[in-house]
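Enquirer: Residue numbers (my numbering), protein chains in the order written: chain A, 1 to 333; chain B, 1 to 287; chain C, 1 to 274.
These are computed hints drawn from the structure, not numbers from a lab.
One or more hints might be untrue.
DEER-style ranges, computed between Cβ atoms [unchecked claim]:
| # | chain 1 | residue 1 | chain 2 | residue 2 | range |
| --- | --- | --- | --- | --- | --- |
| 1 | B | 94 | A | 253 | 52 to 62 Å |
| 2 | A | 40 | C | 18 | 39 to 49 Å |
| 3 | B | 34 | A | 183 | 35 to 45 Å |
| 4 | A | 317 | C | 18 | 39 to 49 Å |
| 5 | C | 33 | A | 228 | 55 to 65 Å |
| 6 | B | 140 | A | 262 | 20 to 30 Å |
| 7 | C | 257 | A | 262 | 55 to 65 Å |
| 8 | A | 176 | C | 125 | 38 to 48 Å |
| 9 | B | 20 | C | 9 | 49 to 59 Å |
The structure displayed is predicted, hence computed values, not measured ones.
Virtual Cβ for every residue (Gly too), placed ideally from N, Cα, C.
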Amino acid sequence: MRKLFPVLLAMMGVLLASVAMGKDITLLNVSYDPTRELYRQINTAFVAQWKAQHGDSVTVQMSHGGSGKQARSVVDGLPADVVTLALGYDIDALADHGLVAKNWQQRLPDNATPYTSTIVFLVRKGNPKGIKDWADLVKPGVQVVTPNPKSSGGARWNFLAAWGYALKQPAGNDDKAKAFVRELYKHVPVLDTGARGATNTFVQRGIGDVLIAWENEALLARQQLGKDKFEIVVPSITILAEPPVAVVDANADKHGTRAVAEAYVQFLYSPQGQEIAAKNYYRPRLADVAARYASQFPTTHTFTVDELFGGWRKAQARFFNDGGVFDQLGPGS
Amino acid sequence: MNPAVGRRKPGLTRRLVRLALILLALVFLLLFLVLPLAAVFVEAFRQGVEPYLESIRQPEALSAIRLTLLVAAIAVPLNVVFGVAAAWAMTRFEFRGKALLGALIDLPFSVSPVISGLVYVLLFGAQGWFGPWLEAHGVKIIFAVPGLVLATVFITLPFVARELIPLMQSQGSEEEQAARVLGASGWQMFFRVTLPNIRWALLYGVLLCNARAMGEFGAVSVVSGHIRGLTTTMPLEVEMRYNEYDYVGAFAVASLLALLALLTLGIKTLLEWRYGDELAAHAPGGH
Amino acid sequence: MRQRVLPGFGLSLGYALAYLGLIVLLPMAALAWKATGIGLGGMLHLLSAPRTLAALRLSVGGALVAALVNVVIGLLVGWVLVRYRFPGRRLFDALVDLPFALPTAVAGIALPTLYAPNGWLGRWLEPLGIKVAYTPLGVLVAMVFVGFPFVVRTLQPVLASLERDVEEAAQSLGARRWQTFFRVILPMLAPTLLTGFSLALARAVGEYGSVIFIAGNIPMHSEIAPLLIVQKLEQFDYAGAAALGVALLLLSFALLIVVALLQRWSSRWAEASR
Chain A
1 MRKLFPVLLA
11 MMGVLLASVA
21 MGKDITLLNV
31 SYDPTRELYR
41 QINTAFVAQW
51 KAQHGDSVTV
61 QMSHGGSGKQ
71 ARSVVDGLPA
81 DVVTLALGYD
91 IDALADHGLV
101 AKNWQQRLPD
111 NATPYTSTIV
121 FLVRKGNPKG
131 IKDWADLVKP
141 GVQVVTPNPK
151 SSGGARWNFL
161 AAWGYALKQP
171 AGNDDKAKAF
181 VRELYKHVPV
191 LDTGARGATN
201 TFVQRGIGDV
211 LIAWENEALL
221 ARQQLGKDKF
231 EIVVPSITIL
241 AEPPVAVVDA
251 NADKHGTRAV
261 AEAYVQFLYS
271 PQGQEIAAKN
281 YYRPRLADVA
291 ARYASQFPTT
301 HTFTVDELFG
311 GWRKAQARFF
321 NDGGVFDQLG
331 PGS
Chain B
1 MNPAVGRRKP
11 GLTRRLVRLA
21 LILLALVFLL
31 LFLVLPLAAV
41 FVEAFRQGVE
51 PYLESIRQPE
61 ALSAIRLTLL
71 VAAIAVPLNV
81 VFGVAAAWAM
91 TRFEFRGKAL
101 LGALIDLPFS
111 VSPVISGLVY
121 VLLFGAQGWF
131 GPWLEAHGVK
141 IIFAVPGLVL
151 ATVFITLPFV
161 ARELIPLMQS
171 QGSEEEQAAR
181 VLGASGWQMF
191 FRVTLPNIRW
201 ALLYGVLLCN
211 ARAMGEFGAV
221 SVVSGHIRGL
231 TTTMPLEVEM
241 RYNEYDYVGA
251 FAVASLLALL
261 ALLTLGIKTL
271 LEWRYGDELA
281 AHAPGGH
Chain C
1 MRQRVLPGFG
11 LSLGYALAYL
21 GLIVLLPMAA
31 LAWKATGIGL
41 GGMLHLLSAP
51 RTLAALRLSV
61 GGALVAALVN
71 VVIGLLVGWV
81 LVRYRFPGRR
91 LFDALVDLPF
101 ALPTAVAGIA
111 LPTLYAPNGW
121 LGRWLEPLGI
131 KVAYTPLGVL
141 VAMVFVGFPF
151 VVRTLQPVLA
161 SLERDVEEAA
171 QSLGARRWQT
181 FFRVILPMLA
191 PTLLTGFSLA
201 LARAVGEYGS
211 VIFIAGNIPM
221 HSEIAPLLIV
231 QKLEQFDYAG
241 AAALGVALLL
251 LSFALLIVVA
261 LLQRWSSRWA
271 EASR
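Just chain A, with the same shape it has in the complex (with noise of 0.2 Å):
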């Protein structure tokens, strides 16, 4: 015990240290899972843009889970000055507790969105089943993996964009729609917990012939696990998807670091940060990135959370709540 003492005292010493260093000026990214490398980067890059510009010295603290559960814990108390989620309702919640104002999508360009990215397709090697749009996911024996869009923000994403493309085919209608998003969910084996976990099931686990992903996760994902064993598929149509960011207003207000975190949802903007998220497999704003790009991200139609279904709390009112479209869908029901 005795010389346990000393070792606990150290233990302390380096954790008050931590963040008493951080006293400089310390700045906490809350964001959602797959957002590592590209924070890492784009930390790297601002804190050595900041320093240039105004001599202090920044360190930006991350923390990565799924998008709803880090709105809950900044709701909760958790001291984000920033929030780069996955998508737009998580915001919203923060706004309900007045953690950032109202008009939070209207006081950065492009929607509070820096990068975007699709919903699209990954199959395996050589497309066995011919996976081709998203008719061919209800094709018999085909089996589709995608997590479950209660416990997954992502995963509201290729729900929306399932029902999108149903909604825009000839006489689409809403009876059609949520016809043919039942009988996509019919051909799903394991609804994962979150988008990560759909990933693995189906790379690692080999369940599945499709996976029903973000773009930048698939980029991502074959990048990582594998390029000779997978394969993209861009549907014709399909969602943009619009993971936004905002500073948390009371926070940062609190902390005084208002003016840094302005700056480093700005840099997002910026070209320089569009090309670290272009690297990172996010589609930039910039034309003239995009344009570098071009190769990366082939063109698709793309339709937003705004224009089909009136913005996010709508759509997660009337598909996601309990009771929503999604519950109707489920065999008990």
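Knowing the structure of chain A, use the given hints to seat chains B and C on it.
Expert: Structure of chains B and C alone, referenced to chain A:
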């Protein structure tokens, strides 16, 4: 089985039955316990030793290890003191509501890990009972080390007490009473008589408590905030790496946790080996 | 009385109660209070929803079956470890605690590695038509895994202390080995087995981390109750989540009380059969 055969050749049948039972048990243990453990190490070393070492040398991994040890180092002693006090009260005195106290000690065991983190958020979160007060006084509990400790203490609360109660029950209090009659003070009695009598069971409880404390995931995940390098324990680091498609990294940290678990079990076995009789007589569980 | 001789009643009980109050009671009160937020009607509506019922059935039913499986396997393993001497016995004995010590997150990602159709075991089971991962059977396997140490560990000391002369007496009276086992040994072990059963049950009912990766999570089929809690939280429905948590806790408590009653009854039975 033909009883006649059984009676004529008791030795052979008996040996066969014994062999069959041993084999069955071993096959089960191999398939069910050894294989998952092996899977962790195989996955961790899938790309060789270098990537493995690389991924556990990262500063995030090191800080996760540090934090995990720190949290266990605070939570376990707290539960040891509680366990001894609760066992003393429960086994040396008669009072009303004893059964209720026993049930309360066991309660954390039945609470879903999903809930056990949430309850502290309900108490200390910004929207919780004490959140605004804590906020006003600049005290951080949730999303900081105290929250991690609280959740860990909750999860591991029953283990030391559960280890001690049956032992102290069966030992009775004659020796302690004798010490008192001979004029020992309360603390003298405790340190000279009680503690030596319960030390192995206590150590056993500490080991179990510690193993669970280091491995707890569900409850800790809710109160951690997942700030990398700051509030991320090893099990959380495993999950975060897994979610970044860094499978080697995830399994590498997982293998460290498994090693810690094995180390704990090793120490326990060593204790049993050296002090086998003393321990076996009052091993865990009980009623 | 002798209680008066021993010191520390006030101190130890006071400390234990204060500690329990702070660590256990206060948070549980907060949970119960939050759960009342949805009102009685909301609670009834929530608990009568087919989805909730199916998930509770899987969590509670699965835990019951898993605990039962653990009683059978635990009896076998405990018996072999206590009664027989063979090489490597200590090693295997130490391994029994592994599911307890192995973090749930690690078990969660290790189990599908084994039982998925392309996994180490799954590839042999699949041709036999046995699907483990992503089915209710997978949930069961994970629950058996986490509950495994409890039956063995409660059983071992009792088995060790079980007098052999009882068995020998029974056998000398002409009882066959299996008769001895079922008529003499098993009744004596029953209370202990029930303790192990209830521990394994309590552990498995609310389990999340090690189950979630191997369950298919298909609503009405392989979706466990703690997952429903997580989904409620995802909608920022804290009250609903708390209500489900309380319901799950009460359910497992009710089961534990039934087991405790069974135990009382069986120990009388064990006394009588001595």
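Enquirer: Each hint: holds or not?
Expert: Going down the list of hints, with the structure as the test:
no. : hint                          : in the structure
1   : 94(B) <-> 253(A): 52 to 62 Å  : holds, 59 Å
2   : 40(A) <-> 18(C): 39 to 49 Å   : holds, 46 Å
3   : 34(B) <-> 183(A): 35 to 45 Å  : holds, 43 Å
4   : 317(A) <-> 18(C): 39 to 49 Å  : holds, 45 Å
5   : 33(C) <-> 228(A): 55 to 65 Å  : holds, 56 Å
6   : 140(B) <-> 262(A): 20 to 30 Å : holds, 25 Å
7   : 257(C) <-> 262(A): 55 to 65 Å : holds, 58 Å
8   : 176(A) <-> 125(C): 38 to 48 Å : holds, 40 Å
9   : 20(B) <-> 9(C): 49 to 59 Å    : holds, 53 Å
Violation of the numbered hints given earlier is absent; every hint is satisfied by the structure.
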